[in-house]
Amino acid sequence: MTKLRDMLSTVRPNAALAVAWLGFAVLGSAAPLCAAAAAEPAKDAAKEQKCDVSEKFRNKYKVAADAAQKNDWAAALPAAKDAYTEAKKPCEQMYAVSVERTAAYNLKDDDALIAAAKHMNATEGVTEKDRATNLQVIYQTLIKQKKYDESIPALKDYIAVAGASAESLDLLARLDYQQKDCAGATDTITKIQAAGQATEQQLLMAQDCYYKAKDTAHQAAATEELLYRFPKDSYMIGVLALNQGGDERQLLNLYRLAFAKGYLQKQAQIVDYATLAERSGVASEAQKVLEKASTEKWITLDDSNTKLLTAEKRNAADDRKGLPALDKEARAGKSGNKDVAVGYAYFGLEDYVHATEAIQRGLAADRVGDVKRVDDANMVLGISFARLGKFDEATKAFTAAKADPRMTKAADAWLALMKN
61 MTKLRDMLST
71 VRPNAALAVA
81 WLGFAVLGSA
91 APLCAAAAAE
101 PAKDAAKEQK
111 CDVSEKFRNK
121 YKVAADAAQK
131 NDWAAALPAA
141 KDAYTEAKKP
151 CEQMYAVSVE
161 RTAAYNLKDD
171 DALIAAAKHM
181 NATEGVTEKD
191 RATNLQVIYQ
201 TLIKQKKYDE
211 SIPALKDYIA
221 VAGASAESLD
231 LLARLDYQQK
241 DCAGATDTIT
251 KIQAAGQATE
261 QQLLMAQDCY
271 YKAKDTAHQA
281 AATEELLYRF
291 PKDSYMIGVL
301 ALNQGGDERQ
311 LLNLYRLAFA
321 KGYLQKQAQI
331 VDYATLAERS
341 GVASEAQKVL
351 EKASTEKWIT
361 LDDSNTKLLT
371 AEKRNAADDR
381 KGLPALDKEA
391 RAGKSGNKDV
401 AVGYAYFGLE
411 DYVHATEAIQ
421 RGLAADRVGD
431 VKRVDDANMV
441 LGISFARLGK
451 FDEATKAFTA
461 AKADPRMTKA
471 ADAWLALMKN
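Offset between the sequence shown (1-based) and this note's numbering: plus 60.
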């Protein structure tokens, strides 16, 4: 399997796909969410208390208010700032800064809008609702300006005040990922997963981050979830790559799933699949795999592959010829291992009825003792049931198989995708 292992060792998550998803059209689109709030004066408690303003403040504030009434925002903005200098009471400050924020928004002056939002949040008496609105104004405006590194602290402050939502956590994960803060991105995605399911794009970001960190366990978990929930050939290839060098029977059962779903179309993978099938005692399966791959032009029958196919045909013919006697002998004895071997032979011939019968016989309590790989026997039993459309029985067999750590990944994959 050296050739295949070398090829698959280069497989890595599709970072380009994840990055493409983070374009300005997505990040910048958040800005309109706060537009209405930014354009209106703050609804602060001070107004309800009928603030008793000073004469000096009243005079300066009137200049700003009159300009705003006329939609003369260029005059209203500096007048509001000037009025703030005379504001001694929190309610006066809130009146002035509300006009300042509204004027900045209408002038489409992003820097002035950010300054006004910060100004309001620094004012005594600002409500939690207005504080959250201002933080939203700040982080969304910074995103619009493509100042992503500055937007992250404001977004975190917003989440702290307004509470986390699926949308805000998603945005935080994307911003962290874009800024190459993989620790931040994966931490946020973990929180998203704790509250529900991550999206495909979030899993792609996590997968890429774990790859870069050489965190194979978490990379594998992200890749497996991508395959189970968003089945694609690229995710299947990723799962296969991460299982190279592990248990051969588990890899074989993953190959069986990939081939059945049409995800296995590379010559090196198919040859490795056929080799493992033959090695596990299912020569007929190896023959069928090679023949189908040749017909579909997924492999070329060069000298090496022709020799392999010829050998598999010969081995399969021997199996077919000797199977009736082996079946009779197994039935008469008490060896579960012989029953399972007979079941595997029927499986290779695509006779799934007799395959399930023989394997179930071999897994019976009085015969299972000498079965070498109970987990693999349950996997082949489950695959046979699945191909007969008996999914309840298949689920029971796969569930039994996954109890053995050597077969957990293959069993999980079949459980997730057998009906897909």
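None of these hints come from the bench; they were simulated from the model. Predicted model, so just to flag it, every value in this text is computed and none were measured. For each residue, glycine too, the CB sits at the ideal point set by N, CA and C. Treat the hints with care, as some may be off.
[What the hints assert, rightly or not] Computed beta-carbon distance windows for the label pairs:
id, residue 1, residue 2, range
1, Asp209, Thr145, 27 to 35 Å
2, Glu184, Arg289, 23 to 31 Å
3, Ala377, Asp452, 55 to 63 Å
4, Ser354, Glu389, 29 to 37 Å
5, Glu227, Arg289, 16 to 24 Å
6, Gln253, Gln304, 20 to 28 Å
7, Gly256, Asp362, 48 to 56 Å
Does the Cβ distance between Glu227 and Arg289 fall inside 16 to 24 Å? This hint holds: roughly 20 Å between Cβ atoms.
Assessment of proposed distance window 27 to 35 Å (beta carbons of Asp209, Thr145): holds, 32 Å
Quick check: does the Cβ-Cβ distance between Gly256 and Asp362 fall within 48 to 56 Å? Given about 50 Å between the Cβ atoms, the range holds.
Please check whether Ala377 and Asp452 have a Cβ separation lying inside 55 to 63 Å. violated, 36 Å
Should the hint that Gln253 and Gln304 are 20 to 28 Å apart at their CB atoms be regarded as holding? For Gln304 against Gln253, whose Cβ atoms are near 26 Å apart, the range 20 to 28 Å holds.
Holds or violated: 23 to 31 Å for the Cβ distance of Glu184 and Arg289? About 49 Å separates the Cβ atoms of Glu184 and Arg289, which means 23 to 31 Å is violated.
Using the beta carbons of Ser354 and Glu389, state whether their distance is inside 29 to 37 Å or not. About 35 Å separates the Cβ atoms of Ser354 and Glu389, which means 29 to 37 Å holds.
Figure legend: structure checked against the earlier numbered hints; hints not met, in rising order: 2, 3.
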